[in-house]
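Based on the provided sequences and hints, a complete structural model is requested.
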Amino acid sequence: MKPSIKNPNWNVLGLLPAHVIMLLTLIIPIGIIVVVSFSTRGPYGGFEYVFTSAPYKQLLFNQGWTGELEFNPQYLIVVARTLVLSAVTTSICLLLSFPVAYFIALQRPTVKVLLIYLVTLPFWVSMIVRVYSWIIILGKDGVIEKTLRGLGLVDQMDSLLFGNTAMLVGLVYSYIPLMILPIFASIEKLDHALIEASHDLYGNRLTTLRRVILPLIRPGMIAGAILVFVPSLGAVLEPTLLGGGKTMMMGNLIQLQFGGARNWPLGAAIAIVLMAAVMVFLVFQGLRSIRTEGLERAS
Amino acid sequence: MSTRDDVRRYPGFGPFSVIFFAYLYLPIAVVVFYSFNANRIVSNWGGFSLHWYTTALSNANLLTAVKTSLLVAAVATVASTLVALMAALVLVRGRNVRFRRISETVVNLPLLLPEIVVAVAVLILFSEVGLANGMAKLMIAHTTFCIPFAFLPIRARLQGMDLDLEEAARDLYATGWVAFRRVTLPLILPGVFAGAMLAFVISMDDFITSNLLNSGGATTLPVYIFSLIKQGVSPQLNAISTLIMVVSVVLATAAFLLQRRQ
Chain A
3 MKPSIKNPNW
13 NVLGLLPAHV
23 IMLLTLIIPI
33 GIIVVVSFST
43 RGPYGGFEYV
53 FTSAPYKQLL
63 FNQGWTGELE
73 FNPQYLIVVA
83 RTLVLSAVTT
93 SICLLLSFPV
103 AYFIALQRPT
113 VKVLLIYLVT
123 LPFWVSMIVR
133 VYSWIIILGK
143 DGVIEKTLRG
153 LGLVDQMDSL
163 LFGNTAMLVG
173 LVYSYIPLMI
183 LPIFASIEKL
193 DHALIEASHD
203 LYGNRLTTLR
213 RVILPLIRPG
223 MIAGAILVFV
233 PSLGAVLEPT
243 LLGGGKTMMM
253 GNLIQLQFGG
263 ARNWPLGAAI
273 AIVLMAAVMV
283 FLVFQGLRSI
293 RTEGLERAS
Chain B
144 MSTRDDVRRY
154 PGFGPFSVIF
164 FAYLYLPIAV
174 VVFYSFNANR
184 IVSNWGGFSL
194 HWYTTALSNA
204 NLLTAVKTSL
214 LVAAVATVAS
224 TLVALMAALV
234 LVRGRNVRFR
244 RISETVVNLP
254 LLLPEIVVAV
264 AVLILFSEVG
274 LANGMAKLMI
284 AHTTFCIPFA
294 FLPIRARLQG
304 MDLDLEEAAR
314 DLYATGWVAF
324 RRVTLPLILP
334 GVFAGAMLAF
344 VISMDDFITS
354 NLLNSGGATT
364 LPVYIFSLIK
374 QGVSPQLNAI
384 STLIMVVSVV
394 LATAAFLLQR
404 RQ
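Read top to bottom, the protein sequences are chains A and B. One rule links them: number in my numbering = place in the first sequence (from 1) + 2. One rule links them: number in my numbering = place in the second sequence (from 1) + 143.
FYI, nobody ran anything at the bench for these hints, they're computed from the structure. Every residue, glycine too, gets a C-beta built ideally from N, C-alpha and C. Heads up, some of the hints might be wrong.
Derived pair list, reagent style SDA-like, types lysine to any residue, alpha-carbon separation capped at 20 Å [said to hold, decoys possible]:
no., chain 1, residue 1, chain 2, residue 2
1, B, Lys373, A, Gly261
2, A, Lys114, B, Gly155
3, A, Lys148, B, Tyr166
4, A, Lys148, B, Leu169
5, A, Lys191, B, Tyr166
Among chain A residues calculated to face chain B with C-beta under 8 Å, some are [stated by the list, open to error]:
no., residue
6, Pro19
7, Tyr104
8, Ile197
In structure tokens form, the structure reads like this:
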């Protein structure tokens, strides 16, 4: 039957609003970001449609007074720091999450539900409040410094704030519930008979952990890693509030270029690099899961 | 078998979890504790006081920011939930939907991109279109990134629903609309509620996009709090944070209990 006014195509109509919104507010604008990243900075910020690759060159080089290019690693360092901190955040979250998720999974149903509620609760609390709370703890005259001084362990110490460690603490704190939940879900699905079978076959706890439990919950760990790694790459609040001005990540560098510095083409170029990093990671993970699925089906 | 000999248990995981939960709640406890500090300097305890709560609640800028946030979140919640509900109905229930996978990816697009990229995208869009109204900008941007958060719980609920019920209604000569209104909608309502609540919380919490669009003159609550943090740690800030946490915990608990009742 041909769709007519009397008989509208509900499939198309139902999806139309979502698609129109995404097209107008995301897909087309991302195309514009690409255009802006190849444009010239306007005299009062913004950009002009004069095409150049200068913004990308600026990521690597400084232009001297006479026009010669000299290598300038400052933006490259930000990119590297972002990748490293996100990877370390993901690893720490993985390490911390497994014992906790495993412990929760072994509890009685009522306790289990309560503990999962406690894991998710901080997530409902405003992100900015959660990041801010670390300023009180890590800052000059903060909780940690006061405690250490009270115990007589130090009498003068550098602020723990404004460094890579502070950012790392904030990032782990912000995103760890996203790691615990998928790992918990895959431990829940684990067949306990397999663990007992491993023990019956004289596998000790460590062997069982390594050869039975960890391989079986890998999908949950990978899901958690994506959920933590991707937002860490684009983090803005943690580097701004805990990292200070000198130790930036890509997220707040972009924010700075579009805000205070008003260098839109450079900001757009960094945004493209960030988006590319996320896409590479997602495609890589996607390919891996397809390959393992294929292997499982073949075997 | 005693718990000690239970082969599934690992020694040390229990204490480790206790420390972990302490780490999870220590920052929250610190903020709440110092919000009752009478002293102007946060880390010097000067006795118990509710002074900073009265200061916060009579802070006109704060109240304006709360109003802005609530208004934006209300519009974004209603719009994104409606759009997400329509999309979910088609993607889960529709027959012969073409490009289902691609459509689903498009609906979830804001989740796949770092938020700062989404924020930059809408910022450039509004500057190109020439939209200057701060509130309108925020409402449009928030609706966009709230759609997947509203979509996911609704989709989950639809997938868990028994298709036969709707077909039974159709067999009993209910029109499509009546079957939807009388059978499907009541059944998926908890999912719609959960989706709307999530969208609301995500919108209220948003800092990255709202801050980048802030030049339009509409300051949301997180952006206002950010400006306070920039001025330094203060007991008033702790009181505001505590109030926000109380509201968040009430909302989260309500969502939790609602889900438990299903």
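We went through each hint and held it up to the structure:
no. : hint                   : verdict
1   : Lys373(B) to Gly261(A) : holds, 15 Å
2   : Lys114(A) to Gly155(B) : holds, 18 Å
3   : Lys148(A) to Tyr166(B) : holds, 18 Å
4   : Lys148(A) to Leu169(B) : holds, 15 Å
5   : Lys191(A) to Tyr166(B) : violated, 27 Å
6   : Pro19                  : holds, 5 Å
7   : Tyr104                 : holds, 6 Å
8   : Ile197                 : holds, 5 Å
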